[in-house]
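Peer 1: With the hints as constraints, model all of the structure from the sequences given.
Protein chains: 2
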Amino acid sequence: MEKADKRKLQQAFGKTIGQLRLEQNISQAKLAERGNFNRTYISDLERGIKQPSLSTIVRLAYAFEMKSSELIEQFEKLFEIK
Amino acid sequence: MEKADKRKLQQAFGKTIGQLRLEQNISQAKLAERGNFNRTYISDLERGIKQPSLSTIVRLAYAFEMKSSELIEQFEKLFEIK
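Those protein sequences? They're chains A and B, same order as listed. Heads up: the first sequence is residues 1 to 82, going by our numbering. Heads up: the second sequence is residues 1 to 82, going by our numbering.
Be careful, since some hints might not be right.
One copy or two, either will do: identical chains are not told apart, so a pair holds if it fits within one copy or between any two.
Stated by the list, open to error - Heads up, simulated PhoX-like pairs for lysine-lysine below, C-alpha to C-alpha not over 20 Å straight-line:
{"hint": "1", "residue 1": "K8", "residue 2": "K30"}
{"hint": "2", "residue 1": "K8", "residue 2": "K67"}
{"hint": "3", "residue 1": "K67", "residue 2": "K6"}
{"hint": "4", "residue 1": "K77", "residue 2": "K30"}
{"hint": "5", "residue 1": "K30", "residue 2": "K3"}
{"hint": "6", "residue 1": "K15", "residue 2": "K30"}
{"hint": "7", "residue 1": "K67", "residue 2": "K30"}
{"hint": "8", "residue 1": "K30", "residue 2": "K6"}
{"hint": "9", "residue 1": "K67", "residue 2": "K77"}
Hints are computed from structural coordinates only; laboratory data are not their basis.
Peer 2: In structure tokens, the structure reads:
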């Protein structure tokens with residue numbers, strides 16, 4: 001994957017998290033608490049600065065009370081690989 | 001996530017990749033070539049030694065000609081978070 005694509009991927013994932021937070025009306029702090037994350041890490045993810053590992057994806061899905069595959073489905077809507 | 005859970009997660013993901021390779025009847029070398037991975041990396045993933053990032057998941061799904069969410073769905077069948 002090209003660097004530009006990786007950046008787009010991270011941005012799309014960050015947007016996914018931000019959208020889900022809005023839908024569920026929870027703050028970054030609340031999401032961090034639910035998934036046992038650092039709030040700064042949630043902020044970095046949403047800004048597309050950090051890339052999540054599989055375990056982060058699983059924990060985020062858990063915090064949002066959804067399946068990991070559903071979280072990735074939401075992400076797919078925002079990300080098109082070139 | 002506890003260390004033991006992370007190991008289980010990685011093992012479940014490795015098993016997912018191995019199963020998909022079997023279903024599609026392709027070698028680790030072929031999968032590596034398709035997704036532009038190092039073959040050693042595929043081997044490490046399958047043995048549950050390495051944890052994939054989101055971009056790895058996306059590239060693996062691409063190599064298997066499936067959606068990332070479908071790949072994660074297969075993984076979910078093999079992994080139950082405690």
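Peer 1: Each hint needs a verdict: does it hold in this structure or not?
Peer 2: Status of the hints after comparison with the structure:
| no. | hint | in the structure |
| --- | --- | --- |
| 1 | K8 <-> K30 | neither (26 Å within a copy, 27 Å between copies) |
| 2 | K8 <-> K67 | between (23 Å within a copy, 17 Å between copies) |
| 3 | K67 <-> K6 | between (24 Å within a copy, 17 Å between copies) |
| 4 | K77 <-> K30 | neither (25 Å within a copy, 29 Å between copies) |
| 5 | K30 <-> K3 | neither (32 Å within a copy, 24 Å between copies) |
| 6 | K15 <-> K30 | within (17 Å within a copy, 34 Å between copies) |
| 7 | K67 <-> K30 | within (19 Å within a copy, 30 Å between copies) |
| 8 | K30 <-> K6 | neither (27 Å within a copy, 23 Å between copies) |
| 9 | K67 <-> K77 | both (16 Å within a copy, 11 Å between copies) |
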